[in-house]
Amino acid sequence: AVDSYRELARWAGAGLADLASLFDPSAFIVGGGLSDEGDLVLDPIRKSYKRWLVGGNWRPVADVIAAQLGNKAGLVGAADL
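Position 36, counted from 1, in the sequence shown is what the working numbering calls 36; the numbers after and before it change by one each time, with no gaps.
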């Protein structure tokens with residue numbers, strides 16, 4: 001299970017780095033089941049993101065944070081419609 005989390009974090013961080021290269025966001029909000037795992041998953045994602053970020057020495061590094069509503073964000077959003 002730990003190896004699966006590491007692999008997930010590696011690819012998620014690489015994907016976020018690609019998005020950051022295109023959009024320069026100030027933050028990435030991670031929701032769903034990943035946000036429920038907290039820093040167990042988010043810390044390795046942050047590390048991978050910083051590793052893969054092109055121009056990380058001069059480009060602002062976006063925060064990677066858990067959604068406040070966690071796994072319930074979709075339900076709350078649907079109810080709000």
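Careful: at least some of the hints might be erroneous.
[Unchecked claim] What follows is a list of derived Cβ distance ranges for each label pair:
id, residue 1, residue 2, range
1, Leu22, Ala1, 31 to 37 Å
2, Val54, Leu75, 35 to 41 Å
3, Asp39, Ala79, 24 to 30 Å
4, Asp36, Ala14, 20 to 26 Å
5, Ser4, Arg59, 27 to 33 Å
6, Leu81, Trp11, 27 to 33 Å
7, Leu40, Gly15, 14 to 20 Å
[Said to hold, decoys possible] The calculated lysine to aspartate or glutamate pairs, modelled on DMTMM-like cross-linking and capped at a C-alpha distance of 25 Å, are:
id, residue 1, residue 2
8, Lys50, Glu7
9, Lys47, Asp18
10, Lys50, Glu37
11, Lys50, Asp3
12, Lys72, Glu37
13, Lys47, Asp63
14, Lys50, Asp24
15, Lys47, Glu37
These are computed hints drawn from the structure, not numbers from a lab. By construction, the Cβ of each residue, glycine as well, lies at the ideal position given by its N, Cα and C atoms.
Cross-check of the supplied hints:
Between Leu22 and Ala1 the C-beta distance comes to about 32 Å, which sits within the given range of 31 to 37 Å. Here the CB-CB span from Val54 to Leu75 is close to 36 Å, well matched to the stated 35 to 41 Å. Under the hint 24 to 30 Å, the C-beta atoms of Asp39 and Ala79, about 28 Å apart, fit the expected range. Between Asp36 and Ala14 the beta carbon distance is about 22 Å. The supplied range of 20 to 26 Å therefore holds.
Between Ser4 and Arg59 the C-beta distance comes to about 30 Å, which sits within the given range of 27 to 33 Å. For Leu81 paired with Trp11, a C-beta distance near 31 Å keeps the hint of 27 to 33 Å intact. In this structure, Leu40 and Gly15 meet the distance hint of 14 to 20 Å, their C-beta atoms being roughly 19 Å apart. For the hint pairing Lys50 with Glu7, the CA-to-CA distance comes to about 16 Å; that is within 25 Å, so the pair holds.
Proximity of Lys47 to Asp18 is assessed by CA-CA distance (about 14 Å); at most 25 Å being required, the pair is judged to hold. Pair hint Lys50 plus Glu37 holds up; C-alpha atoms about 20 Å apart against a cutoff of 25 Å. Only pairs whose Cα atoms come within 25 Å are accepted, and Lys50 paired with Asp3 is accepted, the gap being roughly 20 Å. The straight-line distance between the Cα atoms of Lys72 and Glu37 is roughly 14 Å, inside the 25 Å bound, and the hint therefore holds.
A hinted pair counts as satisfied when its Cα atoms are at most 25 Å apart, and Lys47 with Asp63 qualifies at roughly 11 Å. Restraint check for Lys50 and Asp24: the C-alpha separation of about 13 Å stays at or below 25 Å, so the hint holds. As the CA atoms of Lys47 and Glu37 are separated by approximately 16 Å, the hinted pair is consistent with the 25 Å bound.
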